[in-house]
Amino acid sequence: MVGVATLHLTKNNFDEKIKSGVALVDFWAQWCGPCRMAGPVIDELAEEYKDKLAVAKVDVDSEPEVAEKFGVMSIPTVILFKDGQEVGRQIGFAGKAGYVQLLQKAGIQ
Amino acid sequence: MTDVFDVIIIGSGPAGLTAGIYTSRADLKTLLLAGEKWGGQLQLTTLVENFPGFPEGIQGPDLMANMRKQAEKFGVEVKDESVKEVDFGEKPFKVNGYSARSVIIATGAEFNWLGLPSEQRLIGKGVSSCATCDAAFFRSKKVIVVGGGDAAMEEALVLAKFAGEVTVVHRRDSFRASKIMQERVLSHPKIKVKWNTEIAQITGEEKVEGVIFKNGEKMPVDGVFVAIGHNPATEVFKNKVELDEKGFIVKILKNGFNMMTSVPGVFVAGDVHDHFFKQAITAAGYGCGAALEAEKWLSGLTV
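In order, the protein sequence lines correspond to chains A and B.
All residue numbers for the first sequence refer to this note's numbering, where the first residue is 1 and numbers rise by one.
All residue numbers for the second sequence refer to this note's numbering, where the first residue is 1001 and numbers rise by one.
Bound-form chain A, shown alone (with noise of 0.2 Å):
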């Protein structure tokens, strides 16, 4: 289900993985069914974007602290850091066009 190029986060490695660069990260769990059509998703702009950022996930359940941190309450999240600044949020599945228009609005294509 999750791709060779896609990074796993935890709370001992989010932040030194994501202090640099842009990364996308995705928080989803194994039970939730949008998270689960997201994840492909997620896996496919990992290998398209590979040069230009890093793509992660964070497994909620295994790694509550990290969601709270950042206020998920809701999964899928997926939210996109720029040298570990927040700087664009999807809440909820939003297909791949949703996926991509968040990195746009970011200024990557």
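Mixed in with the good hints there might be a few duds.
The calculated DSS-like cross-link candidates involving lysine-lysine, where the alpha carbons are at most 25 Å apart (straight line), are [unchecked claim]:
#1 A:96 <-> B:1192
#2 A:69 <-> B:1214
#3 B:1192 <-> B:1141
#4 B:1141 <-> A:69
#5 B:1141 <-> A:11
#6 B:1214 <-> B:1192
#7 B:1079 <-> A:69
#8 B:1207 <-> A:69
#9 A:105 <-> B:1037
#10 B:1125 <-> B:1190
#11 B:1084 <-> A:105
#12 A:11 <-> B:1125
#13 B:1125 <-> A:105
#14 A:82 <-> B:1125
#15 B:1079 <-> A:96
Hint data in this document are derived by calculation from the structure and do not stem from the laboratory.
Guided by the hints, dock chain B onto chain A, whose structure is given.
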């Protein structure tokens, strides 16, 4: 793309995918446009206990993944594409630019929000349409579920596993949910019910802090889960096939066909036409029926 499909199925819930299993096994070249959010309403559920063949129940998303796998196995081409444009005025029919000799509409129904500005502003900040997805964020918190059908009962029961207190708010004095689901809710120690009550406003800036009911009463809560039913997803079919006053697709029973719309060769299945049952298993049954009739209609075409 100049290929002409035998059948284009629009929708990927139990109706659409069942139709696809039947048309592909009938050797009809089938394209299924699943929508970007594929899988229909069952993608937002947990354990489905009333779908025959699964005595221990099956998770809604697993059931839909299985149905999709089964349809693809027999050769259905599935695209996660939402339908924006149809033309049933001439043959072959056109759907998003793809051509087909017949069409099965199985777009199901779309989620109804309460329609409050405060609700839209707070989606993902305490307002949710999916308890299965979001219940775990409300551990030990106070939440409201709005609605009185099976979906609302399930939301309340899922939330009760995590939340400290669940209140079901319903605008009538009785639920329309199935008896077994009602009983589970009404006997649950963590779940209360507020009858004859409607929400006027959801309060909170950064996240949900409470609600104000139409009678002026206030209640502090951390989450509001909406489950007030669905409307048929027929926007794209307006003026293309006959709809009733509520937007459901109308079936025209003639020439021995039971699943045909006002356009011969365009069939319908599932919640997009079903006022009455709205169950996964009836949708699947209608999908089967529509597929068999599409096959029959196509064979008549070539005679």
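Checklist entry - Quick check: which numbered hints come out false for this structure? => result Per hint list: 1, 2, 7 violated.
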